[in-house]
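Engineer: All chains, full assembly: derive it from the sequences and hints.
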Amino acid sequence: MIQFSVARFVAVMVKEFIQMRRDRLTFAMMVGVPILQLILFGFAINSDPKHLPTAVLSADNSPFSRTLVAAMANSGYFDVTRSVAGEAELGRLLAEGTVQFAVTIPAEFSRDLQRGARPVLLVEADATDPAATSNALAALMTIARQALDPELKGPLLALRSTPDPVDLRIHRRYNPEGITQYNVVPGLMGVVLTMTMVMMTALAVTRERERGTMENLLAMPVRPFEVMLGKIVPFILVGYIQVVIIVLAARALFGVPIMGSLLLLSAVLVLFIAANLAVGFTFSTVAKNQLQAMQMSFFFFLPSMLLSGFMFPFRGMPSWAQAVGEVLPLTHFLRVVRGILLKGNGAAEIASEVVPLLIFLVVVTVVALKRYRQTLD
Amino acid sequence: MTASGNGRAVPPPQPSPAGRGRELEAAIDVHGLVKRFGAKTVVDDFSIRVEAGQIYGFLGPNGSGKTTTIRMLCGLLTPDAGEGTCLGLDIRTQSAAIKRQVGYMTQKFSFWEDLSIAENLDFVARMYGLPDRKRRVAAALERLGLANRRTQLAGELSGGWKQRLALAACILHDPKLLLLDEPTAGVDPKARREFWDEIHRLAHEGLTVLVSTHYMDEAERCHAIAYLAYGKLMTQGTVDEVVARSGVLTYEISGSDPGRIAADLKGKPGVEMVAAFGARLHVTGIDAAALEAALRPWADQPGLRIARAEPTLEDVFIHLMNRSTDNFS
Chain A
1 MIQFSVARFV AVMVKEFIQM RRDRLTFAMM VGVPILQLIL FGFAINSDPK HLPTAVLSAD
61 NSPFSRTLVA AMANSGYFDV TRSVAGEAEL GRLLAEGTVQ FAVTIPAEFS RDLQRGARPV
121 LLVEADATDP AATSNALAAL MTIARQALDP ELKGPLLALR STPDPVDLRI HRRYNPEGIT
181 QYNVVPGLMG VVLTMTMVMM TALAVTRERE RGTMENLLAM PVRPFEVMLG KIVPFILVGY
241 IQVVIIVLAA RALFGVPIMG SLLLLSAVLV LFIAANLAVG FTFSTVAKNQ LQAMQMSFFF
301 FLPSMLLSGF MFPFRGMPSW AQAVGEVLPL THFLRVVRGI LLKGNGAAEI ASEVVPLLIF
361 LVVVTVVALK RYRQTLD
Chain B
1001 MTASGNGRAV PPPQPSPAGR GRELEAAIDV HGLVKRFGAK TVVDDFSIRV EAGQIYGFLG
1061 PNGSGKTTTI RMLCGLLTPD AGEGTCLGLD IRTQSAAIKR QVGYMTQKFS FWEDLSIAEN
1121 LDFVARMYGL PDRKRRVAAA LERLGLANRR TQLAGELSGG WKQRLALAAC ILHDPKLLLL
1181 DEPTAGVDPK ARREFWDEIH RLAHEGLTVL VSTHYMDEAE RCHAIAYLAY GKLMTQGTVD
1241 EVVARSGVLT YEISGSDPGR IAADLKGKPG VEMVAAFGAR LHVTGIDAAA LEAALRPWAD
1301 QPGLRIARAE PTLEDVFIHL MNRSTDNFS
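If you read the sequences in order, they're chains A and B. Residue numbering for the first sequence follows my numbering, starting at 1 and increasing by one per position. Residue numbering for the second sequence follows my numbering, starting at 1001 and increasing by one per position.
These aren't lab readings, by the way, just hints derived from the structure by calculation. Careful: at least some of the hints might be erroneous.
Derived lysine-lysine pairs resembling DSS-like cross-links, with alpha carbons at most 25 Å apart [stated by the list, open to error]:
| id | chain 1 | residue 1 | chain 2 | residue 2 |
| --- | --- | --- | --- | --- |
| 1 | A | Lys231 | B | Lys1108 |
| 2 | A | Lys288 | B | Lys1268 |
| 3 | A | Lys288 | B | Lys1108 |
Structural biologist: See the structure below:
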């Protein structure tokens, strides 16, 4: 047995410190990741989202209805962003995800209220993400009562004591039972793709450099775009295999409804996968070795997870975090995949989410091609 | 021209000095190449002219800029200054066209270790868009004796076989110029000999070959050589020319106790280098009078034989290397 030697132990330790200092990127990541996590978890995440966009269809222009809408806004949960004229528009706004809630105040609302006939107040919620709506919906009954009670005076005073002056009907659209899996499993498709696609491409190109085969590739008459496309396409296929597995599991294991067209979904998938692969390719042009490529992928993956609306309601985040989230492809893909699977959205409804994906893809591809060098300079 | 033999006996085709009006036949013709990495000038004002069909040796100590020069010639690095042509194409603006006609064998094995020999060759053939791919790959496998190993993974090959694969891949697209960067490092003597026989066969077929090496026997198999040190071209020409021009004088001492003699001679004025070869000593210098003065005390020792000898290429190179370090410091 050789005895434990402090000198040898110190020698190894010193060597590790030297190597750590030489690998600047790794060191930056070790410091950067905790900071990123602190900011994201500490400031960006809020599981009690407020100021949710709400559309109101009011067929009754009375003090009662106005008071009610004002009270909803005052609660902090609802931001009345739209005043619409027809039910069709209300449905469209919900499907597109422009609003989280749609409130319908029927004609004769104030008359029925005064008669004690308990008029129907219909609140439809986009419940694809149950966490985003539950608190607001829970507060709704109290809001209605507190808003209307002061208005019930004089001869109407008696109505205050009735259980509910209005018949509040809440429709949890797209996910009536508020099943979390309906929201998570389709979202997981985007998360899995983001994680694997970025990392795989980043590694695939960095490996060429690490093993010295890049020099050979560069010495041959091949154009950067040919290399990039050739590297990316195999992983698009891998991405599709992952998607098929997740869709089958979503259907068979979790009973997630598939309301929309899978064909449309696969078309958007190409775009989404390509966007992630382009990110990976860009990382690979920066990273010096495979470890760095892994770290950079993680640095991209973390905000994607937290700021896209996958783990926490998007609308619960402060506006700076939402702005960052809007840049990430996962954010838009989540809206598309939830829209298609749960809401049965078609091409028209998802178009506004596809455009940012497309822009992201083009910008990142240009960056990747600019960074990819045809020489060893 | 005999391909084998020990170099010195081969009458090499004389490299024509620039300006003899044979511009078209130059495979490489570059002037004043400079490459800097940060503050370090790796290649400094480098010019060479290599005639078509020649085997041109590139020699010099580690870090002398051989690899950087080769990379500039095939478009992998952009020179900071200088200009010239490779196969008649401008090295600055036509690197894409140069790549099509040049075969470049990297110093470190750079084929895909997780692909088989045949798959590697097939990939290269596709990269160059070669017509008749299958036949060419089969022919290359046959020519280099790789046919019965075609399905073996490149990563499992020994050094010699890796080198054969790399050569096969480099000549697959029938390049007009081969750039070989220390192709025989770490390869056994027999494989080295076979490799050089193949290089001579290719040159005989009209290929121009620029090869960097540390081996003196390989240098002697080149038609012409260039010696680089610290980014500067020190000398060039045929082996005989380089030796003659160097002015190096060598004495060979044979007899008993060479160690004692070596210790005595080292550091004496006029003695640049003392190297032992078994029981023999090579003593070299350039100042004939001083060298002879240093040797005189030993001249009458019984059992010792001191005689003028032909300086070897190695003697010349070490002399050049010593001188270039002096210039640097």
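Engineer: Confirm or reject each hint.
Structural biologist: Outcome of the hint check:
1. A:Lys231 <-> B:Lys1108: 23 Å, holds
2. A:Lys288 <-> B:Lys1268: Distance of about 50 Å is beyond 25 Å: violated.
3. A:Lys288 <-> B:Lys1108: The hint holds at about 18 Å.
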